[in-house]
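Chemist: Residues per chain, in single letters:
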Amino acid sequence: MRHSIDKVAANRKERTKQSFPKLTPDEKKQLLTKYHPDYKPGTTRKLLVGPNKGESVVNELGDIVEAYSRISPEKTDLSRTDIQTDVLIIGGGGAGASAALTAQEAGAHVLLCTKLRFGDANTMMAQGGIQAADRENDSPAIHHLDVMGGGGFTNIPNLVQTLVKDAPSIIEWLEDLGMMFDKKPDGTFVEMHGGGTSRRRMHAARDYTGAEIMRTLRDEVINRDIQVIEFSPAIELLTDADGNCVGAILLNMETNEFVFVNAKTTILATGGSGRLHCQEFPTTNHYGATGDGLALAYRAGAKLAFVDTIQYHPTGVAFPELISGQLITEKMRSMGAQLVNIDGERFVNELETRDAVASAIIRECQERNKGVRTPGGLVGVWLDTPLIDVLKGSGQTQRLAPAMVRQFKRFGIDIIKDPILVYATQHYQNGGVLIDENGRTNIPNLYVAGEAAGGIHGRNRLMGNSLLDILVFGRRAGGDAAKRSNTAPGDKPILDHVVRFHKELKKAGVSTDRHSPVLLPDYRSKEAKIELEAFAVRGWE
Amino acid sequence: MGADKSTVTIYVFGKQYRVPQNLTILTAMEHLGYRLLRGCGCRSGFCGACATVYRIRGDFRLRTGLACQTPVRDGMVFSMLPFHPSTKARYDIKSLQPDINALLRYYPEILRCLQCNSCTRACPQDLPVIDIMAAAMRGDIANAADLSFDCIMCGLCATRCPAEIVQYNVAILSRRLYGTHLSPKAGHLKKKLDEIRAGRYDEELSKLAKMSTAELTKLYNSREIEPEEA
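Top line first, the protein sequences correspond to chains A and B.
Residues 1 to 541, numbered by the working numbering, are exactly what the first sequence covers, in order.
Residues 1 to 230, numbered by the working numbering, are exactly what the second sequence covers, in order.
Since the hints were made in silico from the structure, they are not lab data.
Beta carbons are placed, not taken as given, at the ideal position from N, Cα and C, and that holds for glycine.
One should not assume that every hint holds.
[Stated by the list, open to error] With a cut-off of at most 25 Å between alpha-carbon atoms, the simulated BS3-like pairs for lysine-lysine come out as follows:
| hint | chain 1 | residue 1 | chain 2 | residue 2 |
| --- | --- | --- | --- | --- |
| 1 | B | LYS210 | A | LYS184 |
| 2 | B | LYS94 | A | LYS46 |
| 3 | B | LYS94 | A | LYS184 |
| 4 | A | LYS165 | B | LYS210 |
| 5 | A | LYS165 | B | LYS15 |
| 6 | B | LYS218 | A | LYS183 |
| 7 | B | LYS94 | B | LYS191 |
| 8 | A | LYS22 | B | LYS218 |
| 9 | B | LYS210 | A | LYS183 |
| 10 | A | LYS29 | B | LYS210 |
| 11 | A | LYS28 | B | LYS94 |
| 12 | A | LYS165 | B | LYS88 |
[As the list claims (entries may be wrong)] A few chain A residues that don't get close to chain B, going by computed Cβ distances all over 12 Å:
| hint | residue |
| --- | --- |
| 13 | ARG80 |
| 14 | THR123 |
| 15 | SER198 |
| 16 | ASP240 |
| 17 | GLN326 |
| 18 | ARG346 |
| 19 | VAL379 |
| 20 | TYR523 |
Given the sequences, and given the hints that come with them, work out the whole structure.
Modeler: Here it is in structure tokens:
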């Protein structure tokens with residue numbers, strides 16, 4: 001590894017003057033079809049049941065949506081209501097928190113439940129920034145075109161229009177709440193490019209952008225005394241005889257008790273699914289990212305969109321192996337860090353869209369054999385981070401990316417002096433439950449916002465549009481769900497949708513030991529799991 | 001130390017185990033068969049769920065770290081602290097003045113600070129917590145906000161504070177006061193918002209929304225890319 005690092009250092013100066021051409025549309029298409037994991041044969045299948053029956057789905061997502069409920073409808077006493085609320089929000093990340101604030105402002109009683117702690121979400125880990133067209137030479141229309149192109153022109157146009165038009169108002173809202181953005185002394189935002197942007201519109205808060213958003217929203221939710229229940233994910237939605245969503249059954253994971261919540265309207269803001277480890281990729285996602293919302297909504301009859309595609313972030317950590325798969329923000333490339341192979345040669349324009357950059361890295365390692373092997377057997381390419389100080393001036397890496405500097409320093413690596421080894425990692429669920437401009441689904445009174453929703457980003461999301469989307473659609477869903485809760489019946493819950501879905505699964509011959517939501521991944525070692533199998537009575541229970 | 005170089009002896013909540021050395025505290029626990037619920041969040045050092053205290057056998061020092069970011073070491077005795085009961089004031093950020101009175105009204109205990117520096121030593125982010133508290137006591141909101149910006153609110157400072165201050169909640173109040181009241185506003189944002197609200201982009205946007213893929217593709221491929229800022 002050291003030998004290769006020296007090579008990278010040797011031609012660094014020279015490379016600063018070198019510009020790498022962008023891919024032509026044809027080259028990009030070829031690169032994606034040949035190397036993007038989405039196109040790998042055998043990694044998707046046709047759904048056998050449900051509203052998207054016959055359509056293509058990523059195997060791991062198929063496994064959770066084509067699965068049995070964790071509860072038995074026939075053994076469940078539905079006469080019980082533990083909590084009554086206007087709006088139930090399932091999920092405590094950025095989408096859930098912004099929905100909660102907006103719904104409460106609109107006068108609704110709000111209950112927010114979440115699987116782990118409030119704020120344990122991918123929002124907290126988003127580093128690079130949030131897009132909004134607010135500079136003189138930019139406009140929502142230019143932003144719109146960038147989003148559509150990034151998504152391969154498959155995005156649902158109305159959702160994109162909503163996203164880009166609301167964007168500047170989201171920045172205003174966050175500032176009013178006291179979020180601290182990177183700014184120049186006169187108040188002008190420091191704005192950079194991201195992969196696939198045609199204008200500099202990435203607003204950031206150092207490389208803690210998502211954390212700053214999340215902790216600010218969380219602080220405000222607590223200030224407003226909105227009821228929050230932690231460690232209590234939804235394990236089944238409740239519907240009524242007319243097919244309206246009327247709440248959910250929560251599971252207190254610490255006591256194994258159920259909590260029956262009757263709600264006029266319900267918002268699923270359960271986030272993404274990196275912890276399902278599609279194609280055994282590592283992930284940048286938080287511990288609870290197991291796609292629960294998809295499973296719950298699909299069972300209740302909600303239509304999904306773009307569930308045959310996953311975003312792999314080009315730059316996950318490949319070394320040190322202790323933190324492999326963790327995110328290295330795209331902002332490093334926005335600031336000038338280049339990607340180079342074992343010989344110190346560039347092989348892709350760093351600001352191509354993520355799908356293209358990830359594919360180029362996979363090609364460099366798998367086909368061209370120009371990757372660098374780690375002692376533990378992983379492979380990666382160099383992200384030449386020392387370039388940032390060279391290009392932007394001494395001290396800029398530390399100032400603009402303190403989290404990244406700190407992350408590697410903990411393991412004895414100085415990213416200001418040495419490049420870091422990276423490889424593609426599972427990052428984002430491109431698709432999800434199909435929504436409209438207000439987060440409504442085809443199930444009356446069921447809303448979805450955030451990463452669990454699908455359609456906005458088509459087949460590939462641009463950097464900085466996720467922090468934006470969770471707030472745009474979180475706020476819209478919150479507002480609409482509150483309004484709707486005035487007239488929604490909130491009728492007697494039944495679980496007919498579960499009975500019906502189970503019948504369908506049996507008919508289709510789906511394995512009966514698959515249950516969802518998955519809730520948490522199981523990282524216990526093989527040995528520990530084998531011993532569990534040997535119990536006649538599991539554990540001490 | 002260890003007989004086999006590739007493994008180390010650790011003590012999970014005081015109980016002895018041998019584990020491979022290329023693990024963090026978090027992954028070592030999972031390797032042993034713990035399935036975590038509390039004490040595990042982002043697994044990347046951003047969320048503060050896995051605050052941990054540990055000692056190395058034979059050393060009197062009590063050390064702190066994040067379980068997901070701390071490699072195991074031979075002789076490590078550790079315990080996770082996944083929750084810390086703390087005071088968290090309720091306030092309306094907009095109605096406050098960004099000065100010392102706001103901080104003292106909600107967290108008067110900051111004046112009890114002994115300047116012992118235990119908070120700084122406990123911080124897994126290596127933040128100068130003592131300086132943040134000093135800035136707060138002076139009413140220097142801007143400085144408290146800036147210095148505390150990388151705080152992940154894990155709570156380790158508060159667990160070590162003899163004055164029982166909850167530094168991370170004082171810090172977020174400072175940051176929000178700064179962001180809401182002191183940070184200079186961007187003129188270009190206001191201007192763009194006025195334009196959007198006046199409907200200036202509506203026609204162009206609906207035209208784009210109705211375009212065929214072929215038209216969009218053509219427009220996209222010929223669009224002008226703004227150069228990086230010099």
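Chemist: Compare the structure with each hint and give your call.
Modeler: Comparing the hints with the structure gives:
{"no.": "1", "hint": "LYS210/B - LYS184/A", "result": "violated (38 Å)"}
{"no.": "2", "hint": "LYS94/B - LYS46/A", "result": "violated (52 Å)"}
{"no.": "3", "hint": "LYS94/B - LYS184/A", "result": "holds (23 Å)"}
{"no.": "4", "hint": "LYS165/A - LYS210/B", "result": "holds (16 Å)"}
{"no.": "5", "hint": "LYS165/A - LYS15/B", "result": "violated (57 Å)"}
{"no.": "6", "hint": "LYS218/B - LYS183/A", "result": "violated (35 Å)"}
{"no.": "7", "hint": "LYS94/B - LYS191/B", "result": "holds (22 Å)"}
{"no.": "8", "hint": "LYS22/A - LYS218/B", "result": "holds (16 Å)"}
{"no.": "9", "hint": "LYS210/B - LYS183/A", "result": "violated (36 Å)"}
{"no.": "10", "hint": "LYS29/A - LYS210/B", "result": "holds (24 Å)"}
{"no.": "11", "hint": "LYS28/A - LYS94/B", "result": "violated (48 Å)"}
{"no.": "12", "hint": "LYS165/A - LYS88/B", "result": "violated (36 Å)"}
{"no.": "13", "hint": "ARG80", "result": "holds (25 Å)"}
{"no.": "14", "hint": "THR123", "result": "violated (10 Å)"}
{"no.": "15", "hint": "SER198", "result": "violated (5 Å)"}
{"no.": "16", "hint": "ASP240", "result": "holds (32 Å)"}
{"no.": "17", "hint": "GLN326", "result": "violated (5 Å)"}
{"no.": "18", "hint": "ARG346", "result": "holds (16 Å)"}
{"no.": "19", "hint": "VAL379", "result": "holds (17 Å)"}
{"no.": "20", "hint": "TYR523", "result": "violated (4 Å)"}
Violated hints, listed in ascending order, are 1, 2, 5, 6, 9, 11, 12, 14, 15, 17 and 20; each of the other numbered hints is respected by the structure.
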